[in-house]
Amino acid sequence: MIDVAVVAFAQRQEAAISGESEVEFMVPLMEQAKAAVGLTQSDMGFTCSGSSDFLAGQAFSFVMTIDGTGPVPPISESHVEQDGAWALYEAWVKIQCGGIDTAFVYGYGKSSPGSLRDVLATQMDPYYVCPLWPDSYAVEALAARLMLEGGHVSEHRLAEIAARSRASAASNPHAVRTESKSVAEILAEDYAVDPLRPSDLPAEADGGCAVVLAAGDRARELCERPAWIRGMDHRSDAHTLGVRDLTSSASARLAAHYAAAAGDKVDLAELHGPFTTSEHLLIEALGLDEDSTAINPSGGALAAHTMMASGLIRIGEAASRIWRGDGDRAVAHATSGPCLQQNLVCVLEGD
Amino acid sequence: MSVDRAEARDPLAAPAALAAPVTLPPALAGAEPVESVCTPIRMTYTYTPGRALSRYLRAMADKRILGERCPATGQVFVPPRGVSPLAGTAISEVVELPDTGYVDSFNITRVPIERRPDLKPPYCSAWIVLDGASAGFLGLVINIAPEEVRIGMRLRAVWKPAEELETSAANILGWAPTGEPDEVITDYERIGRIEADPT
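Residue numbers (the working numbering), protein chains in the order written: chain A, 9 to 359; chain B, 2 to 200.
FYI, nobody ran anything at the bench for these hints, they're computed from the structure.
One or more hints might be untrue.
Away from chain B, derived, C-beta distances all over 10 Å, residues of chain A [claimed, not checked]:
no., residue
1, I10
2, D11
3, E30
4, M38
5, M72
6, Q104
7, P142
8, E168
9, R252
Which chain B residues face chain A? A few, computed with CB under 7 Å, are given here [as the list claims (entries may be wrong)]:
no., residue
10, C39
11, T47
12, T49
13, R52
14, P80
15, G83
16, P86
17, G89
18, V95
19, V96
20, A136
21, G137
22, F138
Ideal Cβ positions, reconstructed from N, Cα and C, are used throughout, including at glycine.
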């Protein structure tokens, strides 16, 4: 196994970026990430991105964003219709194949031009489910009801998760929902999609992020304290919600097992839980101890949820804290699909 | 004995699962089969074209064509996207281009396109390089029989009447020959060239 590290990261998240096209707001982020380690596009052994045409409302929308990388002379490039975390996985595999020691990864999404709750309905089964246009919040509320009535979680616990996210987000300049609220104040909120309250829902955002990966000695040259990827795995649950146990996440548990997330102490975890219910399930599935592990020190996806970038941003946030020495061992997680259908777990360590 | 399955397979044969007739449970014996379902999907987007394209579309309403100059290579691109598609550099320098240029390449379409009754075959689509631009963009060649169009032919934009102008690329109805002498294209490597990274 080749040692690969996250050595640079840049992000931008705002409630809505209306005046700039995707490539216009991604170019500065791409330049910022590359400049942080003194590299240009011609230094990159591989480039991989994650985005979705359904958000952009345009076929092959990612092609226009490739312009921003500087693709001439021709580059080795790939794209996933997934969160950028899966693009990072592809880049990591590419480095494992040998022959290159750097990779450039980015993910972005601008969901504000459409109705995200409707757009997400189109990821469901096209014959039986999508024609009913299930709202993505309502789908998660089905899982929340099962969890609450089955005694797997309490509304108080969900409010604690929401309050923690808001408190942590206060010091994150990229967070969208930063207003502090007590557990009592959150429990006093009217339901948005019963049994979920507004604070249980993600703060939707537009934006993106860019990451540079480097292997072995190259990573040590580029970064004082590289965030080494010690384990990474992704797993998927069934597509049909009806055949799944929505009160736990089997795929997150399995991904954590194969990424070897357990074992040594975890100083911090950045979890891509768009809802308080998903964050609760993830803490359980990844076997995290909230007393010894800082959960979502950035505020997590509840505080700013940028479709197609939020998962990669978790990896970038975790890596940044390793660089700064805020922790030695971190777990980053990304999800995709309804009710935590797909999960990726990445374990990062400093030397 | 091994069988080359790929060779043995008839690509047009029905899948094995459909080899036998489909039978319905007794309760549905008299039911009329559903032969197709229609599940319409419609999503509405409020599209915002971004800085560069917004500028371009606004200028279109004044019958002006805006391009952008790449700070790294000096190349001029139209329509603008806010970024050099070759160097990947953000572009801020706006260049106003004339509505004249020449045919870089062209084709003649002889089949109709659905929902475009305005395009009557045969018609000619051309890749047009505006004077001062480094790359071409797409337009219709009009006011001439398609068979007479040729590479190098000089063209000028034909705009909609002033009262019909909008912030839209549709303001240009097409491109008509100017009658000037043809552009003599000698530098076939002029487009898409960028200096290799000196490092």
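Cross-check of the supplied hints:
{"no.": "1", "hint": "I10", "verdict": "25 Å, holds"}
{"no.": "2", "hint": "D11", "verdict": "26 Å, holds"}
{"no.": "3", "hint": "E30", "verdict": "8 Å, violated"}
{"no.": "4", "hint": "M38", "verdict": "7 Å, violated"}
{"no.": "5", "hint": "M72", "verdict": "7 Å, violated"}
{"no.": "6", "hint": "Q104", "verdict": "27 Å, holds"}
{"no.": "7", "hint": "P142", "verdict": "13 Å, holds"}
{"no.": "8", "hint": "E168", "verdict": "36 Å, holds"}
{"no.": "9", "hint": "R252", "verdict": "23 Å, holds"}
{"no.": "10", "hint": "C39", "verdict": "9 Å, violated"}
{"no.": "11", "hint": "T47", "verdict": "5 Å, holds"}
{"no.": "12", "hint": "T49", "verdict": "5 Å, holds"}
{"no.": "13", "hint": "R52", "verdict": "6 Å, holds"}
{"no.": "14", "hint": "P80", "verdict": "12 Å, violated"}
{"no.": "15", "hint": "G83", "verdict": "4 Å, holds"}
{"no.": "16", "hint": "P86", "verdict": "4 Å, holds"}
{"no.": "17", "hint": "G89", "verdict": "3 Å, holds"}
{"no.": "18", "hint": "V95", "verdict": "14 Å, violated"}
{"no.": "19", "hint": "V96", "verdict": "18 Å, violated"}
{"no.": "20", "hint": "A136", "verdict": "12 Å, violated"}
{"no.": "21", "hint": "G137", "verdict": "16 Å, violated"}
{"no.": "22", "hint": "F138", "verdict": "15 Å, violated"}
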